[in-house]
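K.L.:
Going by full-length UniProt numbering, the sequence shown opens with residue 1, and the numbers climb by one from there.
Hint data in this document are derived by calculation from the structure and do not stem from the laboratory.
In silico DSBU-like pairs for lysine-lysine, Cα to Cα no more than 30 Å straight-line:
1. 84 <-> 99
2. 165 <-> 19
3. 84 <-> 19
4. 99 <-> 19
5. 19 <-> 87
6. 164 <-> 17
7. 87 <-> 17
8. 71 <-> 84
9. 71 <-> 87
10. 17 <-> 84
11. 87 <-> 99
12. 164 <-> 19
13. 99 <-> 71
14. 99 <-> 165
15. 164 <-> 99
Because the structure is a prediction, the values reported are computed rather than measured.
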Amino acid sequence: MADLSIIRHQSIFDPTKVKVPIHIIGAGATGSRIWLALVELGMTDITVYDFDNVEAHNLANQIYLHDDIGKPKVHALRDYYTRKTGKEPPEGMAFVPRKVDQDNTTFESMPGIVLLLTDSMASRRDIYGALFPPVGVQSATIGLIETRMASSYGNIFTINCLNKKQLMYWAATLPTDERTETTVCGSSISVGPTASVIANLAVWQLINLLTDRNAVEYEISLFLKPLIVNMENPRDYSTAA
Numbered sequence: 001m002a003d004l005s006i007i008r009h010q011s012i013f014d015p016t017k018v019k020v021p022i023h024i025i026g027a028g029a030t031g032s033r034i035w036l037a038l039v040e041l042g043m044t045d046i047t048v049y050d051f052d053n054v055e056a057h058n059l060a061n062q063i064y065l066h067d068d069i070g071k072p073k074v075h076a077l078r079d080y081y082t083r084k085t086g087k088e089p090p091e092g093m094a095f096v097p098r099k100v101d102q103d104n105t106t107f108e109s110m111p112g113i114v115l116l117l118t119d120s121m122a123s124r125r126d127i128y129g130a131l132f133p134p135v136g137v138q139s140a141t142i143g144l145i146e147t148r149m150a151s152s153y154g155n156i157f158t159i160n161c162l163n164k165k166q167l168m169y170w171a172a173t174l175p176t177d178e179r180t181e182t183t184v185c186g187s188s189i190s191v192g193p194t195a196s197v198i199a200n201l202a203v204w205q206l207i208n209l210l211t212d213r214n215a216v217e218y219e220i221s222l223f224l225k226p227l228i229v230n231m232e233n234p235r236d237y238s239t240a241a
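Produce the entire structure from the sequences given, and follow the hints as far as they go.
P.N.:
Printed below as a string of structure tokens:
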């Protein structure tokens, strides 16, 4: 049961009906905000992975506080939960201070939905290779949300992992780190308001993925200077397939 009242949004999204584990890989600008939004929605079956410590420059664009500097980010989130709710995190919520990559992750280890929010494209490709096995073996991960962000624009990809065509279509879009400004951590191009918008759109995509896959767009592209929102859902790669 959630430690926060859910009565104001329960008619729109009822977390008590969600039986799918959520995995957040990366607790930076978008990941920390997504975690907080899910906590405020009343979700409890959440595992957060990050191996970084909180640094002073993170305070400007992530949810961490001054007292968190020097702590592992996942430990800071655990403490944040207690400050927020007055209680210890529930049994189903886990905070893992380690890197997720092909060396320590298998497709069996993350059943449910994964939010892929690490700070490099190389790490995302590694995690993709770890979570999704060769043809003929079914991954335990049924849904994936990935965000990409620069100073004033971003992308949110939402993938039904049971749709192999869609999964491969998304994987082919992963650029090299040399070709992208993408970041979700505390680099010079990470802007707090941009991260907030991207994170909240990602949460809505997660809500739709859990409640109505027909309402999910495969890709949302958001430009903030000026404001332009593009949505793409190629018929052959529909999230609802």
